[in-house]
Every structure is written in structure tokens, then in C-alpha cells.
Amino acid sequence: MSEQDTDTAMTTQQFNIDTVDHAASTPEIDQPWAELGLKANEYARIREILGRRPTAAELAMYSVMWSEHCSYKSSKVHLRQFGEKVTDEMKKDLMVGIGENAGVTDLGDGWAVTFKIESHNHPSYVEPYQGAATGIGGIVRDIISMGARPVAVMDPLRFGDIDHPDTKRVLPGVVSGIGGYGNSLGLPNIGGEVVFDEVYQQNPLVNALAVGVLRHEDLRTANASGVGNKVVLFGARTGGDGIGGASVLASESFDDTKPSKRPAVQVGDPFAEKVLIECCLELFGKNLVEGIQDLGAAGISCATSELASNGEGGMHIELTNVLLRDPTLTPGEILMSESQERMMAVVTPENAEAFEAVMATWGVEYSWLGEVTGDGRLVIEWDGETIVDVDPRTVAHEGPVYERPYHRPSWQDTLQAARFAESAAAAELPGDAESLGQALVDLMTSPNMADVSWITDQYDRFVGGNTALSQPDDAGVIRVDEETGLGVALATDCNSRYAYLDPYAGAQLALAEAYRNVATSGAVPVAVSDCLNFGSPEDPEIMWQFAEAVRGLADACMELGIPVTGGNVSLYNQTAGRAIHPTPVVGVLGTFDDVSRRTPSGFQRWADGQAIYLLGTTREELDGSEFARLRGHLGGRPPKVNLTAEKTLGEILINASRDGMIDAAHDLSEGGLAAAISEMALRFGVGARIALDELCERDGLTPAAALFSESQARALVALPRSEELRFTDMTTARGFPALRLGVVDAESGGLEVTGPFDGESFGIGLDDLKQAWSQVIPSRFDAVQNATEAVRTEQ
Amino acid sequence: MTSAIPLIGDFRAETPRQLDGARIGVVTFPGTLDDRDAARAVRLAGGTAVPLWHADTSLHGVDAVILPGGFSYGDYLRAGAIARFAPVMETIIAEAQATSTSSSPLPVLGICNGFQILTEAHLLPGSMVKNDHLKFLCTDQVLRVENTTTAWTSQFTEDELIAVPMKNQDGQYVVSAAELEQIEAEGRVVFRYVGANPNGSRNGIAGVTNAAGNVVGLMPHPEHAVEPGYGPDDATGMRNGTDGLTIFTSVVSSLAKGTA
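So the protein lines, in turn, are chains A and B.
Last residue of the first sequence: number 795 in this note's numbering, and the count goes up by one each step with no gaps.
Last residue of the second sequence: number 260 in this note's numbering, and the count goes up by one each step with no gaps.
Please note: incorrect hints may appear among the correct ones.
No more than 20 angstroms apart at the CA atoms, straight line, and that leaves these computed lysine to aspartate or glutamate pairs for EDC-like [claimed, not checked]:
| id | chain 1 | residue 1 | chain 2 | residue 2 |
| --- | --- | --- | --- | --- |
| 1 | A | Lys92 | A | Asp457 |
| 2 | A | Lys230 | A | Asp457 |
| 3 | B | Lys130 | A | Asp457 |
| 4 | A | Lys647 | A | Asp729 |
| 5 | A | Lys770 | B | Asp233 |
| 6 | B | Lys130 | B | Glu90 |
| 7 | A | Lys640 | A | Asp729 |
| 8 | A | Lys230 | A | Asp109 |
| 9 | A | Lys92 | A | Glu559 |
| 10 | B | Lys130 | A | Asp782 |
| 11 | A | Lys770 | B | Asp140 |
| 12 | A | Lys770 | A | Glu747 |
Listed below are several chain B residues computed to face chain A (Cβ distance under 8 angstroms; list not exhaustive) [claimed, not checked]:
| id | residue |
| --- | --- |
| 13 | Leu33 |
| 14 | Asp34 |
| 15 | Phe136 |
| 16 | Leu137 |
| 17 | Cys138 |
| 18 | Glu146 |
| 19 | Thr148 |
| 20 | Thr149 |
| 21 | His224 |
Bear in mind the hints are in silico, worked out from the structure with no lab data behind them.
A virtual CB, placed ideally from N, CA and C, is assigned to each residue, including glycine.
Chain A on its own, in the form it takes in the complex (with noise of 0.2 angstroms):
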């Protein structure tokens, strides 16, 4: 016996083992379920189930299965509405819904896609760079879990103020963490958003997005079916990383006066994963695994409960098979650790020796667990003793359910009442060429208007040669085959300001952007995933400013005929007392017959003399808008919510990339019709003459309300004259309004817009734009992420 062998045998009998005997035996011990994040009543409620106290592994099981972050427990009572406010029609290319790793939907061909959008919030705030990689990471292994191969990925983040020590601290590492990972798995970073706000200092937002495709019969759902086939658990070994991620870490507020938690974040190894995916992959193509599940949050604990409970049977474990990258890890510290990169199947008997040839060709480490049973118990044992025998679908899928408290914060209707235009910041409206030009450009080069290359340069966006839109354009396009050019379209949005002053509003106003984004690129938006990020679900402001925002969704994703398929909910974003804005992030999938038809976001050197409309209505919309925030004002009422206008926008822009009549296409959303056409602009230095007059005149605005009202359902188009009759011939059948604002000018090298103000016009020259709006995140950012990479780099 090696040394190591016997410091392995030795180790095992370091701890008494807790056996369910000797749980039953010993109803009087004390047990850790408050530290463990357990409430007293869930506590008794699992001595209920099981009619003894549990095991300590029993305990370390329900435990994470039962936190907030596995079981939903605040969040089901009302995630039901995505199940409930669907039609037939809008399930008709549902493949799978909400309740499985990812939704997946047809996309014709023989083919389907599947996307989810999750949160990995408080592990990036604690290890930046671990944290954000990891949630790329477990993303990923999600889509794997479908049968899928991933294709793409994407990042919503939203950071502190700019400014702030904290975002200094927190932005680098997130966003080197995102490409670390990201990047090596060979999967292009197709967009995403970068917002700045004081009210996420120490609770940065890193949501990331996976997307998936695969062929109809590679589909694969997590559940352990067949009496007597094999569990096996593959990929990296198990250590003591991440232990409590999901209960003790993502469950809770932060608070100055507990200890560091860096523990609990999970360390990645983006090679071992990539190297999982290829391998994973090869098991699907041959198909050799009946079920699968990855190992995210809770580790071994979900992986068996959730495939036992989604089963037909029971199985059964012996953990000591488990191979360990730290031998002194206890039964409960197994069943909890959250581990990166890996993967859990059900293989029948008879495939058994082909999948461990599969493991040998990637070099993939496995072992094998146990077998499926069918006694409808999930039985766990240690060296042969059992220490874990209860009803897998009381820890997966029967865990508390809370209805809690919520009332409208009464702080809501004053908020209402302090409308922009009532405010001092009001009185002083830029009204002349002067002012209205500086306006435009202090708006292009505030922190949230700025140019984010300095962090999407950091992400491959070319691997595997099928991006045909990344940032900046409106919505990620990937093309899934290469011979007809069928693919997806995905955007993420979200405006947290207008959730605060209206949840219900503002997530309908986040669906709607997303769905314009996916539509504007040409594409047919067809499913949606949310990560709905709010504060502690304790708060009842807080938990009404959830419901609203879910009731919102709900009820905007029935009117657009477009199901949710699944998402994350990640509460508790609070520090010290202070929460984050309601931020319910949407990601809208569309899909393409032919990617190539794919309408960039900007005018093109070869589209000089194209002419610029204006699809919709603008309204004096300045309540929650980009314009306000730099004036240091947040109130009133978001801009109204038109789901009917939103579709006849949505149809324009597909039909008009369908038959080819335009060229260039940007939805109008923070910074309105200003950052729009200075960003169409800005995308390949292309300039452009516009004139407000007739759209002051039709609406009824100020030239600032032309320029900076942040109505929706709008949006900017620049087409060839030849197309122009054709072009409005379809407004107008729709109804829909289109004004003709202005004309591509690609040898002005700059902005022109002309108005009814004093001075007539005002001019930007565009090189000098471009330099001050590129320069606003690096000349931030630059040396602090030097600093951390030297480091990094030394270590």
C-alpha cells in the first residue's frame, strides 16, 4: 500500500459516520441546520418527511436543495404565471419548457436550439475573476445537459458606478474571467450589455447566456430510467471548492459583519470543460447515456435527486467511488461541493465499456456511482453503510414553498409623482444648436453610452467561423447550418431604472427591447429566458417589486405569443440593507431562415445617400431616460408600454430584411433617437445628415424631446432611394408611422442635425466623438486591469 493509500484509509475513519441507524437511534443531537441556511420550520419539516432526524449528509443535501437559490422556494408561487399565461400556438415549437437544464425549441430542418440565461451575482462579487468564470462555465454544462452543442455566449453585466473603487476592483476581474473561460472553450461572446450604476456597488450583476443546437434526435433530458442501469459521475474530481455556494452564498445579503466567503466561490478549469464538451458530445452522437445532468449548483446532491425524482425509479450510491481532489472531504462536504466541470450520466450495462472508451479517448476521469433502482428511493451509502435513504423527490422537487408578504413600497407613489419635467433639471432644457450639440455628446460619452470594445475585445467573437452579428449590433446572429444558413438571433435588455419605477412596466419594457433587438436584426423572435435579479424576498417592497415584475412578463409574453423556456431567479442582491434596482434581465432568442440576410446596425461606406427614417411615435418620454440620469434626476413614469406597435415594428424590420429593402437597422432605447443615430454612426464612421422639424412638428415635441425621449417601439432604418416607395408603401399599409429624417453622408465625416432651434444646426465631427466616446472605459480601466493581469501573471 502506497503512502497516499494509506493516508486515503486512514482518513475515512477520521469521522464517525452518521448513519441512518444512527440517526434514528439519536433523535436528541443537536444539528447545524441555522448555519447550514436551514429556517426552523424547514428544519422540522425534513424530520417530518422522513419520521427521524436526518443524517448529516441527509442534512447536507437538503440543506442546498432546499435553499433559495435550487428550490425557488419565494419565486414558484409566482414563476407559475410562465407555465399558465401560454396558448397552444406559442407551445407549437416547444420542444421542452420551463423545468428541465434549458428550454429548447424547433427550429426546423430537423434542427433545435436551446438557450438559458442564469446568474452567477455573488460569486463575482466575492472572486471577480473565479466567479465570472464559472458562471460561464455552469451555463455551458446546462446546454450540454440538452444533447445540445454550444455555440455561442453571451453576458449581460452591470457594475457600480464607474468611478468607484469597488467597480475597479470588481469590473476587470469579471470581465478577464468571462474571456478567460469564455475563450478557451472555444465558443464566440456574441453580445451582451454593460450598464453603470451606484446602485449595484457591491452587488454587481454577471448574468450569462449560453445557446445551444442540436439535431431533433440528439435531445436528452436529466432522468435516471431502466432498472439496473449505471450512474456514473465524469470529468474533474471533487474537491472542497464551492461547498454551500448555492445555500449559504447566493441565499443571502451580504453584511459586513460575517467572515469572507471566498470558500464557498468554485475555482474553474475551462480546459477540462472544453474537453467535457467534445467528450460529451461523442456520447450523444453515439449514443451512449440514457440521462444527464450536470453538476452546478449543489453538486452531487441535485445531480442524484433530481435524476432519481425525474425517473422512474430510485437509485442507488456509494460515495466513496466518488474520486476526490481533497481525500479529507466528509460524506455531507462530497454531497454539497460544488465542483467545477462535471457531469453525470445513466448508462445501460451493455454501453458501459463504450463509454469508458469515450472517457479514454478525451482523457476524461469517471467512476462508476451505482445503479438505478426500483424502489423509488434515493439510498446513498459510505463504505457500505448507509448514510442517506429518503424520497429523492422530497429533496428535488418538494422543498418549502413560501407565499411571502409583499405590499407596493410606500415610498412608490411619491416616486411616481416626481416627474422630470417638474424637476429643476427641467427649467434648463437645452434649447439651441449650442446646448443641444454638447447634450449629444456629454450623452455619448457618459459611462453607460460609451463604446465597451475595451471589454468585448477581450472575448473571441470569430471561433468557429459562424458569428454573423456580434456587439455592437443589436442582437448576437449565429448560424447554425452552413448549408442553407439557418440560424438565431439573441439580445439581452434590460432597463433597471424603469423596473424601479414601474416592476410590472419595467419588465415589459426589458421583453420589448430584446424582442425589437432580435427583430431589428432581421430575425423572428420566438422564446424567451429570464434571470429575474432582485433584493432580499424577506423585504416585501422588495417581494412586490418581484411579483409585479413576473405578473409584467408574464402577461407581455402572452401578448407578443412568445413562451418563456426557462431562466434564473437571483434574490437577496442587497448589502447592508440597501438593494438593487429591480433588474429582470430578458433574453429574446429569434430565429433566421438565412443568416446572411442579417441587417447590420450601422451605415456602410457604400450606402452614402442612403435615406434615414424613423419607424413610430415619439412622445415627451424623459421620465427614467439616459438624459435624466445625467441630470441627476430618477422619477416619474417609464416610457409607455405599446406590445401591438412593438409587433408591427418587429414585422417591418423582418419583412424589410426578408425582401431586401434595407440596409441598416438600430432600435431606439436609452439615449433615444440622439444615441441612436450617433451610434449607426459610429459603428464603421460613417456619417449622416438629419432634420427634427417635421417630426417636432407631427408629435408635438422640443428638439431635446425629439433628440432624447426614450419612447418605445421605435427605430432607425437607412435604405437605398430605390427602395423607398416600396418601403413606405408597407408602413403604410401597416398603419405604421415612418418619417424620412435624413440621408446617409459618407463624406462628411460627421453628425448634422438641423431643427427647429435657435442656430438652425448644430454639427460633431465624428473622429473626435468616436475618440472621446472610446476613451471613457479604458482610460478607467486600462491600468487597474494591468495591475491585476501582472499579478495574475506572476502567480
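Place chain B on chain A using the hints.
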């Protein structure tokens, strides 16, 4: 074993018509990322892409080899340091250095991580260290083709400017002063960055060749600039750049003519 590599057929694309004789191996190490892209580039150039597996010493009779980009074996030690010892590399190193009259040396192209592997294998001079700005950088990059005599660049014109994507963290080319002087004097700089030096590489070098001209390595990614709509931006429009394709047509054509 090679049939297990999801390199070709993964997306069920039909293999287009091929020129006779141009069978080009694309090596997959664990952690290789751009193997599908390299195989696609070979197909679009009219050749046949043959998957080669890191653990297999056989080159399956290919006429040329591409070492694609990625992070071989995770590159946790030093980029390319472990891959250089892979079984497939033993054969590649031997055939790339073949001097007998019966077999001409094997054309080998190393892209990004492949370039790093070729320097680790001492088939090419120099080495790569972290970019001077210390960040991963993904960008459209303009290069000047300064040597059109290699198997991989014969169809370019001298000093032609090409746009191809570049994406790496360890892309700063370093080389001893003596070797730098030698490769410059011998005209072995194949590609040079145009405009601001993007990563601090010595003399703005983006790619080099060996003395025989059969082995070429470069940090930017020509295989990402082979298909309109999916490449870098160029004068004709967004993502329309296909300048990288010439690298692959060069070798296919050289092989067809028997000049490689």
C-alpha cells in the same frame, strides 16, 4: 480513432468538390478550438481536410498539415509547451525537416497556438509572451505579406495588405537579437503588422517561416477570413473580408502543381 474527432461532418455540411492530391491534415489536440474553422478553410480552398489526432503518430498520408488555434492541453504551463511533445508532433517535426531527395519537406502552417507549438518544437525561431498590454485582444488586423515564396503564401502579391482577425493573450513575438537580424536578412518575415503594433511583437512581426520555406507560423487567424459574412470588415462591407483564403488556396495550388 480519427473518426471520433468531431471535426468534419459535425454540422452535416456536404464536402465540396476537391482538387486531386490536396489532402491537408488538421490536428486536434485536447483544447484545440479552431480545428473546424481550419477544416472549413481547406474545404473552401478546394482541398480535402483530414482530421489528425494528437495521440496518433500517423499523418494518414496527408500532403500538408495545419496546427490550428486554441489552448492545447489548457496551456497552463506555457503556450504550446506540452503539445510539442504530442505523438503526432514527432512525425510532423520529422517530416517538416525531411531533407532527402525522395521526400520534400512537409508544408506545415501553425496558426496562433499552432505557431506557439512550432516555436516550442524549434521548427520556427523565437517565442511568444503575453501581449504588452496584458489583455486578450480580439480585433480585425491588417497585415503586410512580405514573403510570397512559401508554400502558404505563393498566391499573394509581394507586400499585399490583407485583413484577418487576431485574437490572443500571448501574442507578443520575441526573438534574440541575432536571430531577429538573421530572419530579417533572409526575408523570413512572412507577415508584419500594419499600423500600431498590437501586442509589442519585435519588429511588428506577425508571422515567420523557416529557412526552407515549408513551415509558416502566424498569430492572426486567416481561417476566420475565408467566407463573406463571417470574416473581418473590409471595404466591401461588414464581415466580408476573405483575404485569409489565399493562404489555403496557395497550398492547395502548390500541392496540385507539385511545387510544395
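Outcome of the hint check:
1. Proximity of A/Lys92 to A/Asp457 is assessed by CA-CA distance (about 38 angstroms); at most 20 angstroms being required, the pair is judged violated.
2. Of the supplied pair hints, the one linking A/Lys230 and A/Asp457 is violated, its CA atoms being roughly 45 angstroms apart against a limit of 20 angstroms.
3. Straight-line distance between C-alpha atoms of B/Lys130 and A/Asp457 comes to about 16 angstroms, which keeps the hinted pair within the 20 angstroms bound.
4. Between A/Lys647 and A/Asp729, the direct Cα distance comes to roughly 18 angstroms. Compliance with the 20 angstroms bound is thereby established for this hinted pair.
5. Using a Cα cut-off of 20 angstroms, the hinted pair A/Lys770 and B/Asp233 holds, with the two alpha carbons roughly 18 angstroms apart.
6. Our distance criterion of 20 angstroms between C-alpha atoms is broken by B/Lys130 and B/Glu90, whose separation comes to about 27 angstroms.
7. Distance check on the hinted pair: A/Lys640 and A/Asp729 sit about 27 angstroms apart at the alpha-carbon level, beyond 20 angstroms; violated.
8. For the hint pairing A/Lys230 with A/Asp109, the CA-to-CA distance comes to about 34 angstroms; that exceeds 20 angstroms, so the pair is violated.
9. Between the alpha carbons of A/Lys92 and A/Glu559 the distance comes to roughly 16 angstroms, so the proposed pair stays at or under 20 angstroms and holds.
10. Of the supplied pair hints, the one linking B/Lys130 and A/Asp782 holds, its CA atoms being roughly 16 angstroms apart against a limit of 20 angstroms.
11. As the CA atoms of A/Lys770 and B/Asp140 are separated by approximately 18 angstroms, the hinted pair is consistent with the 20 angstroms bound.
12. The straight-line distance between the Cα atoms of A/Lys770 and A/Glu747 is roughly 16 angstroms, inside the 20 angstroms bound, and the hint therefore holds.
13. This hint holds: B/Leu33 has a C-beta 3 angstroms from the nearest C-beta of chain A, less than the 8 angstroms allowed.
14. Because the closest C-beta pair between B/Asp34 and chain A is about 6 angstroms apart, less than 8 angstroms, the hint holds.
15. For B/Phe136, the suggested interface contact is upheld, since its CB lies about 5 angstroms from the closest CB of chain A, less than 8 angstroms.
16. Interface hint at B/Leu137: satisfied, since its Cβ lies 6 angstroms from the closest Cβ of chain A, which is below the 8 angstroms cut-off.
17. About 5 angstroms separates the beta-carbon of B/Cys138 from the nearest beta-carbon of chain A, less than 8 angstroms, and the hint is met.
18. Hint status for B/Glu146: violated, given a least beta-carbon distance of 24 angstroms to chain A, over 8 angstroms.
19. Interface restraint check for B/Thr148: the shortest CB-CB distance to chain A comes to about 25 angstroms, outside 8 angstroms, so the restraint is violated.
20. At about 28 angstroms, the closest approach between the beta carbon of B/Thr149 and any beta carbon in chain A exceeds 8 angstroms, and the interface hint on this residue is violated.
21. The interface hint given for B/His224 holds, since its Cβ lies 4 angstroms from the closest Cβ of chain A, which is under the 8 angstroms cut-off.
The structure fails to meet hints 1, 2, 6, 7, 8, 18, 19, 20 from the earlier list, while all remaining hints are met.
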